[in-house]
Each structure stands twice: as structure tokens, then as C-alpha cells.
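If you read the sequences in order, they're chains A and B.
If you're matching positions, the first sequence starts at 1 in our numbering and goes up one per residue.
If you're matching positions, the second sequence starts at 1 in our numbering and goes up one per residue.
Don't read these hints as lab results, they were simulated from the structure.
Hints are supplied without guarantee of correctness; some may be wrong.
Just so you know, same-sequence chains aren't split out, so a pair can sit in one copy or run between any two.
As the list claims (entries may be wrong) - In silico DSBU-like links for lysine-lysine, alpha-carbon gap of 35 Å or less:
id : residue 1 : residue 2
1  : K207      : K92
2  : K118      : K83
3  : K93       : K73
4  : K21       : K262
5  : K73       : K118
6  : K222      : K21
7  : K204      : K83
8  : K21       : K204
9  : K46       : K222
10 : K73       : K23
11 : K207      : K73
12 : K21       : K292
13 : K262      : K205
14 : K204      : K42
Number of protein chains: 2
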Amino acid sequence: MHTIGVDIGGTNIEVGLVDQKHKVSARAKAATPSAGPKEFVKLISKLVDEVGGEPAALGVGVPGVISDNVLVKAPNLPGWSEKTDFRGMLAKKLGIPVGLGNDVDVGLLGEWVAGAAKGGDFVLGVWMGTGVGGSLILDGQPYHGVSGGAGEFGHVIIHHDGALCTCGRRGCVEGYGGRRAMERTIEHRIDAGFETSIDEIRQKKHKGHFTSGVWQEALESKDPLATAMFRDAVTAVGVGVASAINLLDLDRVVIGGGFAEKLGTDLTSSIEEVAQPLMLRPSPNLTIVPAKLGDDSGVVGAANLAKSVVVR
Amino acid sequence: MHTIGVDIGGTNIEVGLVDQKHKVSARAKAATPSAGPKEFVKLISKLVDEVGGEPAALGVGVPGVISDNVLVKAPNLPGWSEKTDFRGMLAKKLGIPVGLGNDVDVGLLGEWVAGAAKGGDFVLGVWMGTGVGGSLILDGQPYHGVSGGAGEFGHVIIHHDGALCTCGRRGCVEGYGGRRAMERTIEHRIDAGFETSIDEIRQKKHKGHFTSGVWQEALESKDPLATAMFRDAVTAVGVGVASAINLLDLDRVVIGGGFAEKLGTDLTSSIEEVAQPLMLRPSPNLTIVPAKLGDDSGVVGAANLAKSVVVR
Numbered sequence: 001m002h003t004i005g006v007d008i009g010g011t012n013i014e015v016g017l018v019d020q021k022h023k024v025s026a027r028a029k030a031a032t033p034s035a036g037p038k039e040f041v042k043l044i045s046k047l048v049d050e051v052g053g054e055p056a057a058l059g060v061g062v063p064g065v066i067s068d069n070v071l072v073k074a075p076n077l078p079g080w081s082e083k084t085d086f087r088g089m090l091a092k093k094l095g096i097p098v099g100l101g102n103d104v105d106v107g108l109l110g111e112w113v114a115g116a117a118k119g120g121d122f123v124l125g126v127w128m129g130t131g132v133g134g135s136l137i138l139d140g141q142p143y144h145g146v147s148g149g150a151g152e153f154g155h156v157i158i159h160h161d162g163a164l165c166t167c168g169r170r171g172c173v174e175g176y177g178g179r180r181a182m183e184r185t186i187e188h189r190i191d192a193g194f195e196t197s198i199d200e201i202r203q204k205k206h207k208g209h210f211t212s213g214v215w216q217e218a219l220e221s222k223d224p225l226a227t228a229m230f231r232d233a234v235t236a237v238g239v240g241v242a243s244a245i246n247l248l249d250l251d252r253v254v255i256g257g258g259f260a261e262k263l264g265t266d267l268t269s270s271i272e273e274v275a276q277p278l279m280l281r282p283s284p285n286l287t288i289v290p291a292k293l294g295d296d297s298g299v300v301g302a303a304n305l306a307k308s309v310v311v312r
Numbered sequence: 001m002h003t004i005g006v007d008i009g010g011t012n013i014e015v016g017l018v019d020q021k022h023k024v025s026a027r028a029k030a031a032t033p034s035a036g037p038k039e040f041v042k043l044i045s046k047l048v049d050e051v052g053g054e055p056a057a058l059g060v061g062v063p064g065v066i067s068d069n070v071l072v073k074a075p076n077l078p079g080w081s082e083k084t085d086f087r088g089m090l091a092k093k094l095g096i097p098v099g100l101g102n103d104v105d106v107g108l109l110g111e112w113v114a115g116a117a118k119g120g121d122f123v124l125g126v127w128m129g130t131g132v133g134g135s136l137i138l139d140g141q142p143y144h145g146v147s148g149g150a151g152e153f154g155h156v157i158i159h160h161d162g163a164l165c166t167c168g169r170r171g172c173v174e175g176y177g178g179r180r181a182m183e184r185t186i187e188h189r190i191d192a193g194f195e196t197s198i199d200e201i202r203q204k205k206h207k208g209h210f211t212s213g214v215w216q217e218a219l220e221s222k223d224p225l226a227t228a229m230f231r232d233a234v235t236a237v238g239v240g241v242a243s244a245i246n247l248l249d250l251d252r253v254v255i256g257g258g259f260a261e262k263l264g265t266d267l268t269s270s271i272e273e274v275a276q277p278l279m280l281r282p283s284p285n286l287t288i289v290p291a292k293l294g295d296d297s298g299v300v301g302a303a304n305l306a307k308s309v310v311v312r
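Construct the complete structure from the given sequences, taking the supplied hints into account.
Below you can see the structure in the form of C-alpha cells.
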């Protein structure tokens, strides 16, 4: 059985035909439209046709909150109303069963069935991107909480009344470890006269933002400001990971997103160095590892979500 | 079917015969011995005889770490070796099936079957005592993590590099909200010349420690130092609760232990006031409530654990 996985990101929509062994056998891609769900349905239908095959079902990962299969909120997709039966719209248009998931949940699901989370029954996924996303697998099953809002690792508080977070609260992991928050901080510091080469690196690479690649180059050149700020980011994630382990007794932590893709085990070792002394009684089997599937985790995870819909 | 619940605390061992409706129909009690597990088995057997009835099974809550039904560690019981098959020892002596649980897990279980956690499927229990204990019910089932170490809410970090905790780490909830840590802090402050009536209250009540009752009286008399320190304790618990909710999307938080027994909804409202603005997207059904069963939660929970052993 082949199924289709759709990964809706802030920049691109990626569609893949995925086989039983979680291999992506055909792909299609388009820029994420700045329009409402109807446009997305049309575009996804077109991409599914491009990919071909005879998919039994489709799964889709959306950057938003999902409760009872309904998209409650997608604050990062302009033009999306507060509540949408996106799953129903897609199923009607395509004529196959559709599964709907949060983008980070779907990414961790991909890593769980075919990547770095494979074999773990108690897993925290931390996606370090524009924000810091989180997702949980507990007792061998994806965990969503009472109303689908679980996994907000980025808003675990590591410093009560600490740095301002992008959510407007203070002291969250994301306020130190998310690229958007880091960009705001580094711009303040550049304005305040701190010396750094990171802005030149950004310009040289023709980037409008401080991307993971820009950070990587600044870290490799041992830029002091970038190094200090990245240490703060790693510390925040490490402290949050320790809190999650003390509360949940996990066997695996998977770090994904742009930073993990660029820095791999350098990043996860630094996070582990912070977290280890703060853990009360970690399982001897606990490992902290980088995601393995890169951009494919979302597509593979979404295709796997599709399978569960068919089984139902 | 009647079962026996045994609650081993630092001060007393309480034994109760509990019916199907979670009512305690007979009781016995003794001081916790300062001896190894063998003495406990003898004493519990004696107390079970005193209670009478024809119990089908027995459940016991122990202040320690349990993994695969084996007691891995009980640091607060002097004379207990590192690893003990306490369940097996009790079952052999008594000739009935025995279930073994952590004391806080068993307390929350009691509240779940017959008290303040009843009806909740995603519950955090916070027991504010000498330390700050924690326990979780997730997706309608008690949650223990990969190796039985889950629920350490007291060691969720709310201030990276903050106050020294009794575990030797810094910034944990327990470092602000556990009575042992609070006692250490208030003694330092008294030594440093802070004015407070709490030590006089303690002496007047003939207490060797700053008990929940001593704190309550100091708070009622509006002692400024006690008030400020208790606010720090409530803040720490509130911030930790918010982090847990952001990560786990819960529908119930139950606050138990001495402070909750003395202060009830005054305590839970104060905790909610701190936590509410720090929650990202709490369930509309979320409530933060005090435990209802008082000292009985452990006995009722342990007796319920016994039932699950019989069913197996």
C-alpha cells in the first residue's frame, strides 16, 4: 500500500508518495500560498496528481493546533480562519481518506517509524526552527493531551520572569532557543554596539534573516556574540529537556529542525552536557540524538498518519 | 471484595480495610520503624491481623522508586538496602497477592478513584510536603515512564541556576516549595537577622520543625517573612504547573499534602493565579483543586492497587 504524505511548511508544501517501508518514491513541491484553506486544497490536489501512483490515503501535517481531527488554529498561515475542517475538505476533493496532524507531531512520527526515534516508546521531539516545537510519544503512542494542545516544549519555562518570548510570556525555552527570538536579541545587541560578524555573514549569504546556515558560519568563525547567544539557546533547550525527563522519564530525545540538520551530534552533545547534571534519575537507556530524515521526516510521518486512517 | 491499603509514611504506617466503594471500614496504625524491610513485613502483618476481614489482596505505597514491581530505592527509609523485592516478601508472609506503588502515585490513585481527581483523564498530582512529590495520570491511566521514575514534578526547573534544592541541584520547584528547603531558607534568614514570629509560633506549638500548621499560623498572623517565603513557594509550584500544562495539556491538577490540607482552595487559587498567565493554550476544562481525602488518599489508593493485582 502506498500513501501520500503532505508537509505544509511556512515556505513550501512538500508532497511525497511513500511505500510500506517508509521510502519516498515520488515527490512534488510548491511554494506555500498566502491564501485560505480552499487554495491549499486545490494546490495539494494538483501536487498529488503530479506525484501519481494510486495512493490509498493521504496524511497532512499543518503548522497549527488540531483537536478531534479539526484544525482549531493555524496562526502562521495567513488567510486561515480560526477553525477549519481541512481534513474533510481534502477528503471530499481527493476521494480518499485523509489524516490530519500537527507539523511537529508528524515530523516526530516520521522519525519514529523510520528515523532517529525508532524503537523509542517514551520520546520527546524538539524541533529547533523559527520557534521551538515539541511533540511527545508516551507509552508507545503519539500523545496529544486532553484537547490536542500537548507538546509545547518551547513554552516550558526555564527562567521564571526571564527573557521575553515570542509568545509574550517570559522565560520560555523558545525565548532563548528559537531563531525568531534569537534574531530579535542579536539585532538589539548589534544596535547596542556589540561587535559581531554575523550580520556580515547574513548579507554575504544574501539572507533576509539569520538562518541556521548563517548561525553555523558565525559559530565556525568563532564569533563571540554568536557563540555566547548560541550557548544560551543550547542551555535553554538542555534545561527544558532535563525538566521533561524528570517529569516523564523518557528513553529518547530527538532534536530536529534547521540547527540539528546543520550541527548534528555537536548540537545534541552540547544539549546533553547541560541536561545531564540536572536529571534526577534518568533511565540508563536514555539517548539524546539528532533527527535523521531531514526534510523528509514530515512527508514520511504524514504518510504514516494516512495509514492509520485506512486501518480505521 | 475487600482489599487492604497500606500507606508507609516517614512518621506512620497506616493500614485500612477498603470496600468496593473505596470506603475505609477498619483501620490500624503504627509508628514507622527505623529498621529494614523485614521489620516492616512483620509489622504490616500484625497490623493486617488487627484490621481483620478477609482481604483478597493488599496494596502498599512506599516513599521510593519502583520499577517492574521491585523497590529500587527508598532513600527516606533508614535501613533499606538499595534494591528490595518488598512486594514478594509481603506476598509470601501474607499469602495474598500484593501490589506495590510509590507513595505519591498511590495518593493520586486514591484521589483519582474516590476524590478530587475523579473524572480526570490527564491529571498531575502535586504533593507539597517535606519535599514536593508528583504523579501523573495520562490518557486515563497511571503513568510511570520508561523505568518507573516519572512524576518528579519537584525537580522541574523553574529558575535555571536558581535556589539550591534538597537534591543538590539548583532552581527546582522543591527548592522553593518543599518544607525542608523552606526550613533551611528561613533558618538562614533568621540567623541573618530578618524579623519574624514563625520561630516563636513553632516553639509555642512544641514542634521541632516548621510544619504546615506552623506555616499556617504564621501566614494568618501576617508575618512578613513567612508571607514572602510562602509566596515564593506558591510561585514555584505555579510556574512548574504551567510548564507541565504546556507540555502535557492536562484537564486536572490536584494539590495534596500538608499545605493543601491546611489551606485548601486558598492555596490552589494562589497557584492558579501564578500559572494561568503562563499557560499557552490550556484546555477549557482544566481545573486546579485541592486533594479531598486527606490522610486517607494513600490507604484508598493502595487498596485500589491491590484490586488491580487480583484482576491480573
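Status of each hint after checking the structure:
no.: 1; hint: K207 with K92; result: neither (40 Å within a copy, 71 Å between copies)
no.: 2; hint: K118 with K83; result: both (33 Å within a copy, 31 Å between copies)
no.: 3; hint: K93 with K73; result: within (22 Å within a copy, 58 Å between copies)
no.: 4; hint: K21 with K262; result: within (26 Å within a copy, 58 Å between copies)
no.: 5; hint: K73 with K118; result: both (30 Å within a copy, 30 Å between copies)
no.: 6; hint: K222 with K21; result: neither (42 Å within a copy, 67 Å between copies)
no.: 7; hint: K204 with K83; result: neither (42 Å within a copy, 61 Å between copies)
no.: 8; hint: K21 with K204; result: neither (41 Å within a copy, 72 Å between copies)
no.: 9; hint: K46 with K222; result: neither (46 Å within a copy, 69 Å between copies)
no.: 10; hint: K73 with K23; result: within (31 Å within a copy, 45 Å between copies)
no.: 11; hint: K207 with K73; result: within (29 Å within a copy, 54 Å between copies)
no.: 12; hint: K21 with K292; result: within (16 Å within a copy, 51 Å between copies)
no.: 13; hint: K262 with K205; result: within (15 Å within a copy, 62 Å between copies)
no.: 14; hint: K204 with K42; result: neither (38 Å within a copy, 77 Å between copies)
The structure fails to meet hints 1, 6, 7, 8, 9, 14 from the earlier list, while all remaining hints are met.
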